[in-house]
Amino acid sequence: MSYATSKELPWWLIDHWREREREKTRKEVEMKIEIEEVRSHEALPLLSLNHVSLMCRSVWASVRFYEDVLGFALIKRPSSFNFNGAWLYNYGIGIHLIENPSIDHEFDTIVEPRPINPKDNHMSFQCTDVGLVKRRLQEMGMRYVTAVVEEDGIMVDQVFFHDPDGYMVEICNCDSIPILPLSSCPFKPRMGSFKKAAPSSCGFMEKVMMESLSMDMMNISF
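The UniProt record's numbering applies: residue 1 is where the sequence shown begins, and numbers increase by one.
Calculated from the structure, these hints are not laboratory results. Predicted model only: the values in this text are computed from it and were never measured. Any given hint could be a false lead.
What the hints assert, rightly or not - Simulated crosslink set (DMTMM-like; lysine to aspartate or glutamate; CA at most 25 angstroms straight-line):
id, residue 1, residue 2
1, Lys119, Asp175
2, Lys134, Glu170
3, Lys24, Asp129
4, Lys119, Glu150
5, Lys134, Asp68
6, Lys134, Asp163
7, Lys119, Asp163
8, Lys76, Asp129
9, Lys134, Asp157
10, Lys119, Asp165
11, Lys134, Glu151
12, Lys134, Glu150
13, Lys76, Glu99
14, Lys134, Glu99
15, Lys76, Asp163
16, Lys24, Glu67
17, Lys24, Asp68
18, Lys134, Glu67
19, Lys76, Asp165
20, Lys119, Asp129
21, Lys24, Glu42
22, Lys119, Asp152
23, Lys24, Asp152
24, Lys119, Glu170
Said to hold, decoys possible - Label-pair restraints from in silico Cβ distances:
id, residue 1, residue 2, range
25, Arg136, Ser102, 30 to 36 angstroms
26, Asn117, Glu139, 54 to 60 angstroms
27, Phe81, Glu150, 41 to 47 angstroms
28, Asn50, Glu139, 30 to 36 angstroms
Glycine included, each C-beta is placed from N, C-alpha and C at the ideal position.
Please model the entire structure based on the sequences and the hints provided.
As structure tokens, then:
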């Protein structure tokens with residue numbers, strides 16, 4: 001099969017290809033623009049995550065876990081509180097523990113250890129070395145399961161385990177996957193108006209981002 005050179009192609013076809021390349025380049029540039037915060041007048045004026053509050057059966061057992069395993073530091077708690085608890089802080093967030101010995105009576109009577117299901121509710125922490133995390137957990141004699149997520153050739157390693165009350169914790173290198181919005185234009189329904197909507201340029205962005213976020217199922221190893 002022979003291929004025609006640019007000299008043999010008609011000018012209009014060459015111009016068409018050049019226009020396609022320019023359009024492709026323009027769209028690629030748009031994709032690289034820094035992601036802007038999507039705000040609306042309905043949104044609350046939030047700044048960041050402050051803390052996670054957890055009920056626990058033994059506040060000191062939980063304190064030891066979050067100090068020794070996750071590296072949190074015990075901080076001062078308001079003295080006006082009339083219930084047992086503790087506050088811990090690290091990594092820019094707080095853990096607030098509230099003691100309630102009556103919660104989950106069945107936890108102590110379970111013969112088999114509670115299954116660790118990565119799809120359960122959990123809090124997740126980014127780490128620098130997943131391998132080191134697993135070695136440390138093994139040294140502590142803690143049960144854990146691992147999972148791997150692959151996206152566009154990027155591998156994300158995850159480690160899941162329970163705290164003393166069965167709350168699940170994840171340690172991962174999840175920031176290896178870039179954060180991309182599903183659409184550069186949030187859906188804002190027009191209330192009480194049937195006017196024709198203005199053309200939107202969000203379709204291309206949404207299509208590409210949806211394709212890039214089609215993630216493989218996790219391979220969980222016990």
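Evaluated hints:
1. Lys119 x Asp175: 19 angstroms, holds
2. Lys134 x Glu170: Roughly 12 angstroms between the alpha carbons, so the hint for Lys134 and Glu170 holds.
3. Lys24 x Asp129: With Cα atoms ~38 angstroms apart, Lys24 and Asp129 exceed 25 angstroms; violated.
4. Lys119 x Glu150: 17 angstroms, holds
5. Lys134 x Asp68: 15 angstroms, holds
6. Lys134 x Asp163: 15 angstroms, holds
7. Lys119 x Asp163: At roughly 16 angstroms apart (the allowed maximum being 25 angstroms), Asp163 and Lys119 satisfy the hint.
8. Lys76 x Asp129: 31 angstroms, violated
9. Lys134 x Asp157: Given that 25 angstroms is the threshold and the Cα spacing comes to 11 angstroms, the pair holds.
10. Lys119 x Asp165: Within the cut-off at roughly 17 angstroms; holds.
11. Lys134 x Glu151: Within the cut-off at roughly 22 angstroms; holds.
12. Lys134 x Glu150: Holds, because 19 angstroms separates the two Cα atoms, which is no more than 25 angstroms.
13. Lys76 x Glu99: 16 angstroms, holds
14. Lys134 x Glu99: Violated, at roughly 29 angstroms.
15. Lys76 x Asp163: 22 angstroms, holds
16. Lys24 x Glu67: 52 angstroms, violated
17. Lys24 x Asp68: Distance of about 52 angstroms is beyond 25 angstroms: violated.
18. Lys134 x Glu67: Distance of about 17 angstroms is within 25 angstroms: holds.
19. Lys76 x Asp165: 23 angstroms, holds
20. Lys119 x Asp129: Given that 25 angstroms is the threshold and the Cα spacing comes to 22 angstroms, the pair holds.
21. Lys24 x Glu42: With a Cα-Cα distance of about 35 angstroms, the restraint between Lys24 and Glu42 is violated, given a limit of 25 angstroms.
22. Lys119 x Asp152: 22 angstroms, holds
23. Lys24 x Asp152: Holds, at about 20 angstroms.
24. Lys119 x Glu170: Roughly 11 angstroms between the alpha carbons, so the hint for Lys119 and Glu170 holds.
25. Arg136 x Ser102: 30 to 36 angstroms: Given a distance of about 33 angstroms, which is inside 30 to 36 angstroms, the answer is holds.
26. Asn117 x Glu139: 54 to 60 angstroms: 24 angstroms, violated
27. Phe81 x Glu150: 41 to 47 angstroms: For Glu150 against Phe81, whose Cβ atoms are near 46 angstroms apart, the range 41 to 47 angstroms holds.
28. Asn50 x Glu139: 30 to 36 angstroms: 32 angstroms, holds
Violation of the numbered hints given earlier is confined to hints 3, 8, 14, 16, 17, 21 and 26; the remaining hints are satisfied by the structure.
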